[in-house]
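A.B. asks: The residues making up each chain are set out below.
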Amino acid sequence: MTTRIVELRRGILKKNDELAAGLRQRFTSAGVLVLNLVSSPGTGKTAFLELTLRALRARGADAAALVGDLETDNDARRLAASGAPVRQINTHGICHLDAEMVTKHLEGWEGVSLAGLNYLFIENVGNLVCPSSYDLGERIRVALLSVTEGEDKPLKYPGLFNSSDAAVITKIDLAVPCAFDRDLALKNINEIRPGIRIFETSAKTGAGMDEWLAYLAEQAKHS
Amino acid sequence: MHELSIAASIVEAVTESASAYPGARVIAVRLRVGALASVVEDSLQFCWELASEGSPVAGAKLVINKLPVIVHCDACGVDSELEGVQSFRCPRCGELAADLRQGRELEIESIELEEPEPNESKRMESETDKPDPVEEHI
Ligand SMILES: Nc1nc2c(ncn2[C@@H]2O[C@H](COP(=O)(O)OP(=O)(O)O)[C@@H](O)[C@H]2O)c(=O)[nH]1
Ligand SMILES: [Mg+2]
Ligand SMILES: [Zn+2]
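Which chain is which? The protein sequence lines are L and X, in order.
According to my numbering, the residues represented by the first sequence are 514 to 736, in order.
According to my numbering, the residues represented by the second sequence are 20 to 157, in order.
For reference, chain X alone in the conformation it holds in the complex (with noise of 0.2 Å):
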């Protein structure tokens, strides 16, 4: 269940960034997750929702990147991606690789603003005063 304090986690940061653009929207958060992290993927985008509802960044959208394990071969002297996390096997020459190169990663990677365009903004100020149904949706 630290699917839940992962996904609080991101709120915060995802909060604190997008703090910096007023005005503009969170639509989608991407992550990079390595195979290695212990993170549930369905687990976290339910707990998302949970921890996002309420907040400056409800609604916007989880993109989960899943990283492969990648290992470095001491016999080889190569770097290469592992299948999956079952054995860790240089895939080129099969001796057992401890030197990790990638796979643990839980990382925001970016976040994408909706943002109103600054000439827009103005005239949406200007407009207040005498307010059109038909633009306030925008």
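Chain L extracted, bound-state conformation (with noise of 0.2 Å):
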């Protein structure tokens, strides 16, 4: 017997990677933002992104998102109200989206051509872990944490936050009772992705979200 090396240098999720690299050159050419959601379970995705959609439908900007789940279609349901189009990938037990839902969801979604959207957002499951390693295609990576669950997720989680461009505090209407270190917060979330745009925001009141607005609409304008 002989032994031999083979090399293959390849990236394990290479064929995720592919998918991906397919759907944002679409994304791109349609003109549309997309974005990528992702905080554990509770964070506040759902709530925040329910408004998010009222207000762009609001200023007139056409918008649409998808929300993975392991199970139910209660997100769905809630984001549909916003009267945007909603669509649903239950990922049957999967802890995160991949590239491949995304596609085949885009497929026959009724209503919906990407070139008339202005933004997609894409709610992941919730976990912290598993979807930083899935490229879904997005221009723009969110990463959230509520002011529950303590200043230190950012750096229990490096591998979320540095791949993140943007980062949200939902829930600062609980910072008070929650005795919330907002200064320590930041300075966490800095130190694992220096320079990343920071949002603090409440679905509760509302706060923050004009910020938030702003920047879509500036980041819309890149695409």
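Hints are supplied without guarantee of correctness; some may be wrong.
Straight-line distance between alpha carbons at most 30 Å, and here's what the computed DSBU-like set of lysine-lysine pairs gives [what the hints assert, rightly or not]:
(1) L:Lys734 to L:Lys717
(2) L:Lys528 to L:Lys617
(3) L:Lys734 to L:Lys617
(4) L:Lys700 to L:Lys617
(5) L:Lys669 to L:Lys700
(6) L:Lys527 to X:Lys85
(7) L:Lys669 to L:Lys734
(8) X:Lys80 to L:Lys717
(9) X:Lys85 to L:Lys700
(10) L:Lys717 to L:Lys700
(11) X:Lys85 to L:Lys734
(12) L:Lys669 to X:Lys85
(13) L:Lys669 to L:Lys528
(14) L:Lys527 to L:Lys669
(15) L:Lys717 to X:Lys85
Hints listed in this document are in silico derivations from the structure and should not be mistaken for laboratory results.
Need the complex rebuilt from these two chains, each delivered in its own frame; the hints are there to steer you.
C.D. replies: This is the structure we're talking about:
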């Protein structure tokens, strides 16, 4: 017997990366700004997205959402109440969305064409680890954390925070009762992803939404 | 739990690559995994056993080569390795350094195959007519 070493030098998630690159190209040529929202379950992704979709529609922008969930379509129904087109992606136990799921759910989406959209939001499955490895072709990855989760989340999940383009601190209406240390949270995010844009919002009071919407409009100009 | 999906992707990729070497057995798979790749090593080893069981790569050893984060510091103009993933600062000057040069890798670097010698395989073919019980287990 002889042994032979074969160099492969290939990404383990190469198939996903290739599909994602194809999606990114489609999104760019359609001129739609695509955002991938990632956080723990319960951080407030759906609530934040509900407000975002309503506000964008009120401003005359066309926005749609894909929403990942292990089993239910509760979030999709909540989001659809905004009037925006929403499509559910049930992952049936898989803890993250991947580019193939996104590709499949863009097909045959009644009343939605990418070219007719200004914004497409993808609410990922609630999980801070696995989604960070799967590129969905998004232009902007948004990591969310709520004031109830502890200021050290970014340090515990550097893989996600370091790969994100924007961070949103949610539920700031609860900052005082939770004794949330804002300076520490901002510092921790910035240590992991220096220079990242950070938003502080509340879906209860609407705080911080104007800054977020201004950022979206600014980013959409470059799509 | 995405280690299981990752392990399944490795099994698929390695099976495909190894099929170019008929008769060979995969004895090791070497990975390059960056410190920011969000992969738990023990969990990946465990999932590797599950995912490879019953496949052509069953029994192969998974060797995980961990890569530290490397950042480029604009102030110093130098790339440096970071000791951990808790602070993205240049170790020389202490400035924040956002320019990541290494750390997100999730790659199969190489596979190690065990294959019969060319003459050995010929000999084995001819011997199938009159199998030798001692030779059979080579
Ligand atoms: N007080 C407060 N509660 C919120 C806020 N955003 C979400 N919630 C609540 O947090 C829970 C989880 O929110 P949800 O949007 O479903 O989180 P997701 O799992 O990240 O999509 C729900 O009970 C929401 O009503 C907020 O800004 N302030
Ligand atoms: Mg949700
Ligand atoms: Zn420096």
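A.B. asks: Checking one constraint from the list: CA of L:Lys527 to CA of X:Lys85, max 30 Å. Satisfied?
C.D. replies: Given pair L:Lys527, X:Lys85 holds - Cα atoms ~19 Å apart, limit 30 Å.
A.B. asks: Tell me if the straight-line CA distance from L:Lys700 to L:Lys617 falls inside 30 Å.
C.D. replies: 39 Å, violated
A.B. asks: Check the hint pairing X:Lys85 with L:Lys700 against an upper bound of 30 Å on the C-alpha distance.
C.D. replies: 27 Å, holds
A.B. asks: For L:Lys527 and L:Lys669, compute the direct alpha-carbon distance and say whether it is at most 30 Å.
C.D. replies: Since the Cα atoms of L:Lys527 and L:Lys669 sit roughly 26 Å apart, the hinted pair holds (cutoff 30 Å).
A.B. asks: Please work out if L:Lys717 and L:Lys700 have their alpha carbons no farther apart than 30 Å.
C.D. replies: 25 Å, holds
A.B. asks: Just to be careful, I want the Cα atoms of L:Lys669 and L:Lys528 compared with a cutoff of 30 Å; is the pair within it?
C.D. replies: Measuring from Cα to Cα gives roughly 28 Å; hence the hint holds.
A.B. asks: Can the restraint linking X:Lys80 and L:Lys717 be considered satisfied, given a maximum Cα separation of 30 Å?
C.D. replies: The given pair, whose Cα atoms are some 52 Å apart, is violated under the 30 Å limit.
A.B. asks: Measure nothing beyond the straight line between the CA atoms of L:Lys528 and L:Lys617; if it is 30 Å or shorter, mark the hint as holding.
C.D. replies: 15 Å, holds
A.B. asks: Mind checking the alpha carbons of L:Lys717 and X:Lys85 for me, to see if they're no more than 30 Å apart?
C.D. replies: The hint is violated at about 43 Å.
A.B. asks: Below or equal to 30 Å on CA atoms is what counts here, so check X:Lys85 against L:Lys734.
C.D. replies: Roughly 40 Å separates the two Cα atoms, so the pair is violated.
A.B. asks: Within a Cα-Cα threshold of 30 Å, do L:Lys734 and L:Lys617 meet the stated pairing?
C.D. replies: With Cα atoms ~27 Å apart, L:Lys734 and L:Lys617 stay inside 30 Å; holds.
A.B. asks: For L:Lys669 and X:Lys85, compute the direct alpha-carbon distance and say whether it is at most 30 Å.
C.D. replies: 18 Å, holds
Figure legend: structure checked against the earlier numbered hints; hints not met, in rising order: 4, 7, 8, 11, 15.
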